[in-house]
Each structure stands twice: as C-alpha cells, then as structure tokens.
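A.B. asks: Chain by chain, the residues run as shown.
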Amino acid sequence: MTAETVKIECRNVSKIFKQRAGTVQIPVLDDISLRVLENEFLVIVGPGQCGKTTLLRIIAGFETPTAGHVLLDGKEISGPGPDRGMVFQKYTLFPWRTVMANVEMGLKLRGMAKKERREIAGHYIQLVGLQGFEKAYPHELSGGMKQRVGIARAYANDPKVLLLDEPFGQLDAQTRYLMEQETARIWSAEKKTVIFVTNSIDEAVYLADRIITLEGKLPGRVKSSYTVHLPRPREHIDKKFLELRHQITEETELLL
Amino acid sequence: MNPDTRLKDPLSLRVTPWISFIGFFVVWQLLIDTGIVPRILLASPAEVGQLFIDKLTNPDPDGAVLLTHTMVSLLEAVLGYVLSLVIGIPLGLLMGWFVVAEGLARPPFEMIRPIPPVAWIPLAIFWFGIGLTGKVFIIWACGVVPCVINAYTGVRMTSPTLIQMARTYGASDWQIFTKICVPSALPMVFGGLQIALALAWTTLVAAELIAANEGLGYLITMGRRLLRPDMIVLGMIMVGLTGWIIGNIIDRIERRLTAGLERGGAAT
Amino acid sequence: MNAALEHPTTVQGLQRHKSPAAILRRLLKNRYVLYLVSISGLLLIWHFSAVNFATSKYMPTPWMVLKELWRIAHENLAGKDLLGHLWSSLHRVLIGFAIGSAVGVPLGLFMALNRYINNLVKPVFDLIKPMPPISWISLAILWFGIGEESKVFIIAIGAFVPALINSYNGIRLVDPALYDAIRMLGANRWQTMMEVTFPAGFPALFAGLQISLSVAWSCVLAAELVSARSGMGFLIILGMTMSNPSMILSGMVVIAVTAYLITVVLSKVEKWVCPWKVELPQ
Ligand SMILES: Nc1ncnc2c1ncn2[C@@H]1O[C@H](COP(=O)(O)OP(=O)(O)OP(=O)(O)O)[C@@H](O)[C@H]1O
Ligand SMILES: [Mg+2]
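Residue numbers (the numbering used here), protein chains in the order written: chain R, 1 to 256; chain G, 1001 to 1268; chain V, 2001 to 2282.
None of these hints come from the bench; they were simulated from the model.
Just so we're clear, the structure is a prediction, and the values are computed from it rather than from any experiment.
Each residue gets a CB set at the ideal place from its N, CA and C atoms; glycine is no exception.
Keep in mind that a hint or two might mislead.
Label pairs and their calculated CB-CB ranges [what the hints assert, rightly or not]:
#1 G:Ser1012 with V:Gly2079: 32 to 40 Å
#2 V:Trp2087 with R:Ser142: 46 to 54 Å
#3 V:Leu2083 with R:Gly132: 17 to 25 Å
#4 G:Leu1226 with V:Arg2189: 53 to 61 Å
#5 V:Leu2044 with R:Gly132: 53 to 61 Å
#6 V:Phe2048 with G:Pro1038: 56 to 64 Å
Please model the entire structure based on the sequences and the hints provided.
C.D. replies: And the structure:
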C-alpha cells in the first residue's frame, strides 16, 4: 500500500436504540473509532449480535449514530448514496428483475444509456462468474449465485467503498470457501476500499489486509486490530496463516 | 411502522381517524337534515338509531323484533357453517394425505368448486323451500369449498423433513397423519374457517334477500318493499356488525389454538 | 372397491401374473384410475337417484341436463338466448369491476403511501367493509331503480373492497431490505417508487384484482337473482319459478364454467405480467 489516504473514518461512533417511546434503551455500539485506507481490505470480526450490522448500516448511512461522526473522504456522510455499495446479509436482489437488470440497476438509476450499462454490467457478471445467467430471475439461482449477483451489482455501480455484511453467512461451508476465493480474486482484479463483516476468523485472515475484532457482548467496542502481511493468494494451511488465526482466536472469545 | 414510532406520531396524525369517523356521521346526518339527499332515499344516523331502539321491542312492520331476525340468521349461518366444517375439514385433511381419498373426492369437488355460492340459491329453494333447510344447505355448499381447500393445502405444506423424521422413527402412515400433518395444517385450516365464514354470511344474506320470511336479509328486503330506508340501513348495519363479531370470535379461538405453532422470526 | 372389475383390460395388460389383491392395491394407488371410478360412480348415483326414487321429481338425470343445456343454447328465453344472457351478466361484471377497481386500487395505493390519507379513509372503509356487497341491493334499487345501474353499483362495491385491501397490503408489506438496496444504489424517491414500491406490490395488487373479479361474478348473480330481466342469475331463478330443475342445473353449469374460465385466463395473464413470481409447490 503506497497511498496512505484515509477513505473512511469513524470517530467515536456510538449507537443506542430506543424502543417503546424511549423507555427501553439498547446500547449497541460504544465509542467505535476506526480508519479505512484507500484500497484497503478491512475485515471486522465479531460474534453474533454484537452490532456488526449496525456499524455497517451507520457507515452506509441508513442509521445515524447517537454520538460521533462518520467521514468519507473527510466529509461527513448524510444518508445512503451510490458512493458506497453494500452487499447485504440477507439476499436483497430485486425479484422482478433478471440478473442483468439487477446488476445494471445502479447505472440505470444514474441515467446511463442502455448499451453502455449493458457492457459494464456484462463485465461484472463475467467477473463474478455468472455468464450465461443474465436472463435468469433471482428465484432461479442458488444462494451462492444470488450473493454473486449482489456483489456484481455493488461493483457495477462503481462505489468508492464497498460494504459487505456477512455476505456468505447463509452459504454451506464448501460454497463459502469458494466464494472467499472468488472475493479475493475479484478484489485483486479491481482494487476497492472494502469493509467486510464476518463472524469467521478464518474468513477474516484469508481476506483481510487488516482485521478489527469487536467485543463479544453489547455494546460493541473495538477490541484489537491486526495487520495481515501474508502474501496473496493465501493458503488456509500455510503456517503463518494458521499462526495468525490461532493468535486471534486466543485473544477473542470466538470459537470459530 | 413499528410501535415505538407510532407513539411519537404528531397530534395531527393521531386525530385524523377521529375526524374522519365523526365527520362521516355528521356529514351523513347533515345531508339528510338539509334535504340534499331526500328522506325516501336514505335515513339519517339518528333515525336509524331510533329505529334500532324501537325494533328491540316492536315487531312491526315486518313481523319480528330485531333480536329474532338476528337469531334466525345466526342459527341458519351457524348450522350450515358447522356442517361444512364437520364435513369439509376432515375431507380436506384426508385428501391431503391419502391418495385414495384424494382420487375419489377430487373430481366431484373440482366440479362444485367453481360454482359461486349464490348460484346454489335457486336450486336450494327449489329443493328445500324457503325455510331453514334450504338456507343451511346453501351455507353448507359454500362453506365446504374453502374448508376442503385449506385443509388440503395445509396438509400438503407440511414440512417434508418432519415427515421424514417421523418415518425414520418408524411412525405409521396414520400416526404421521394425526401427529404431524394435522397439527401443522391447523393455521391453514383456520384461514379456511375465516374465508368460509365471510362467504357463508354473505351468501346467507343474499339467500334471505331472495326468499325468506325472517332474518336480517328479509328485514332489508322489507325495508325496500315498504320504502323504509331506515329499515334497510339498520339491516345492513346489523349484518355487518354480526359478521364482524363472529369473525373476531373465530380470530380469538384461532389465536388460542395456534399460539404454540407460531414460527419465530427468520434469522437475520 | 370394484375398480378391477371396471377395467379388466388394463389389469390383464399390466400384470397377468400377480395376485388380484396386489393388482387392486396397485390400482388404488393410481390417481387416474381413482378419478375415473369417482366420476363414473358419481354419474351413476346421480342417474339412479334421478330415475328411481322419490327424489326423481326434484332431480333430473345428467342426460336431461345435457339436453336442457342444448335447448337453452338455442331457444329464446325471455328475449335472449343463452349467450345473450351470459353476455348481459359479463357486461355488468366488466363495468362494475372497472369502476370498483379504478376507485379501489388508487385509493389503496394512496393509503399505503400517505398516512394522512390512510387515517382519513380507513375508519370509513372499516365501517363499510364488513357489510356484504349484496346487502346494498335494497338501497341501490331505491337509489337507481331496478335497471342496470343498481346491479353495476353492487358489483362495483364488491370489486372495490378486495382491490383496495390488496393494493394497500401489497405496498405496505414490501420487504424493507429492498428499499435499503435501491437507496444504496442511489435512487431518489420517484425512482424508489417506480423500481421497488410498484413492482414489489404488483403481485398482491394483481391477486386483489383476481379476487375482485370473482367477487364481481358472484355479485352479478346475486343482484340478478334479486331482480333482473336478463343474465345468468335471472336464468336460474327463471328455472326455479318454472319448476324446471334441468334449467337451474344447466344454468349452474354455464356459470361454473364461466367462473372457471375467468380464473384460468387470469392466472395465464398473471404468469405473463409477473414472470418472476415463484409458484407455491403443489
Ligand atoms: N432497529 C433496531 N431497533 C432496535 N434494536 C436493534 C435495531 N437493530 C439492531 N438492534 C439490536 O442491536 C443488536 C445488534 O444487532 P446487529 O444486527 O447489529 O448485530 P450483528 O452483529 O449484525 O448480529 P448478526 O451476527 O446476528 O448479524 C441486537 O441486539 C439487536 O436487537
Ligand atoms: Mg448482522
């Protein structure tokens, strides 16, 4: 990494959910500060229900933090926008659109001419390995394929930052492993600033330039940070890989 | 909208339903009082209310007090409805699980199914006359269809994993049917009950409008014959109210019985 | 079961060597054999109950119903032939349905999109909803006379209710995650509506129209049973007053077939307009 420009910065972000007209308060995030550099692959690891989705949704602009700021290129974000792309934990393809139409949706919203956006969308469909399925509807695809479309859709919109929320959480181990490889390949082919949320340390070590772990209980706090210097493509059975994985496991309560 | 935002609704949003509700009756009353809508076409809410009180005790001019009309309609509806449940639900359940039952019952059922319930009325009157039997038959014929369909679909939608599991534990066909298919079909069955009820009530009113000498439908018809809009509107309101109350009762029972079957929210 | 007796050829052709009990068991597992048994059994019971017993006065044989169907298809009945009556009913249905859904669908949409409109309309709608559409017939006749208008009014009310409920629910129940997805891609409010709200609500809306149309078909019959000079409802009530059960039954056959065709056509249309809709496993 040569250019050390900060792309995303969270400054002391806290979030408290209020329920039943404020009588019940759930503190979900507490004083989260983190920086993501340009073209860095940051992985946030935490166990279930520790506020990972909430943090990502704040960065995406769907939720406003109770305290603190989120900056993109030094400017405070306000609401969701096409400068950030998100792949959701739950498959959220538009069921009434074909794969092609799903992938080109962002470009269409921007008013790009049909021929041009077809070309771009086609490129990303190819990149995620779905050529031949352009005309298929989401319900005709498997879970892994749906998530590939989700990734292609986010990529095609050419966001500055890509946010992925446990994108492979619903997949079987085999497909998940395959998708991790694909993600690493796609990211190497087209560098982007990525924030990737997962609950799997293995997945984190495989993908990340840097890993941030969250504490295992609410409210979520940053626990520690690791820089991964392993060369790519990585091997799950590489000695250094296992060492780092072991180290992180030791230092978190996570059993994964 | 989740409940916590609703509490914080601005005042204007909270009063609009009341404005609308009260406004509806005020406008209605004013339309009559000012003569914009002539009295022979519509009765005002006040007149309907007065008639309601009067009809509680006075059998004139249609021959029976309000409670009698309501009870007659209810009796007809409940008898036909219960009969359609007693026959339709077991039939649908069996059709869902046993090939023989489905094979034998399906053709006649598919023939009856597309007949709109009201189309049974002339035949029923021709066969049984305008009394109780004819009405019960009509209600039965229209209630049985949704009962069968929903019970059948409910069984068919039983999770195959549960069935497989029971098989591996050596359960017999009949055991699987009674212990797994029937309970898991319950929510669907109750959906059918609601549909059947709405249909039964509507059809009954239609039947009473065409041929009856008692009942709420009859009250509505007499209102027209005697040019008494207040009687018509009172009849309509009683029909709506009674249907609404029975619907709520069924809803209650459903919630009691299926409380344990509610599925948890999907994992995020 | 005497299924084996009725189909000796199939039995022999299939398995000559098996015991009769095994053959019977096998046949009882075959859906189509059972259908055949059921239909022929039904026709037989029907036929014999119509010729033999005390019921014969009330029950025409299947053959008589067929002949009657042929008769009313040609003869003039109160000024129209069968097709004429069918068209009278359909004509009313189409007009009433068009009016009911033209009011119900937009109103449901507006209620789903704007809570003020919702809060204003819903209380009144909830007052009207539980009243069966046919219960309006007396008022309708007072207001519009016994002509076409009163029937169209009933049908319009019948079609209006499900059209409104389903277009409202269709839009209210859109998966909020889809809104997140489209906003993330940079959609403005208008685009969100066009790309998510309407397409996501469409299947429910269409289902509402399907219900509306079948309710409309019931309503027209009910209205015609009460008072009419033409239409399918009039035809069967005419059969009743003339004490002609064959006529009632043949009218019911036509009514059922029409209702069936309406559903078939609509589900074809549905497949054509929303190809993405996943079908429930049968
Ligand atoms: N809109 C909301 N209103 C109230 N509470 C919320 C809301 N969203 C999330 N929460 C609460 O915040 C907590 C953390 O939720 P979040 O979805 O961020 O966790 P997560 O780490 O993504 O979990 P998972 O691994 O299961 O996806 C949960 O306890 C949840 O109940
Ligand atoms: Mg999450």
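A.B. asks: Now tell me if each hint is right for this structure.
C.D. replies: Going through the hints against the structure:
| no. | hint | result |
| --- | --- | --- |
| 1 | G:Ser1012 with V:Gly2079: 32 to 40 Å | 57 Å, violated |
| 2 | V:Trp2087 with R:Ser142: 46 to 54 Å | 50 Å, holds |
| 3 | V:Leu2083 with R:Gly132: 17 to 25 Å | 51 Å, violated |
| 4 | G:Leu1226 with V:Arg2189: 53 to 61 Å | 55 Å, holds |
| 5 | V:Leu2044 with R:Gly132: 53 to 61 Å | 56 Å, holds |
| 6 | V:Phe2048 with G:Pro1038: 56 to 64 Å | 59 Å, holds |
In summary, the structure is inconsistent with hints 1, 3 from the numbered list given earlier, while agreeing with the others.
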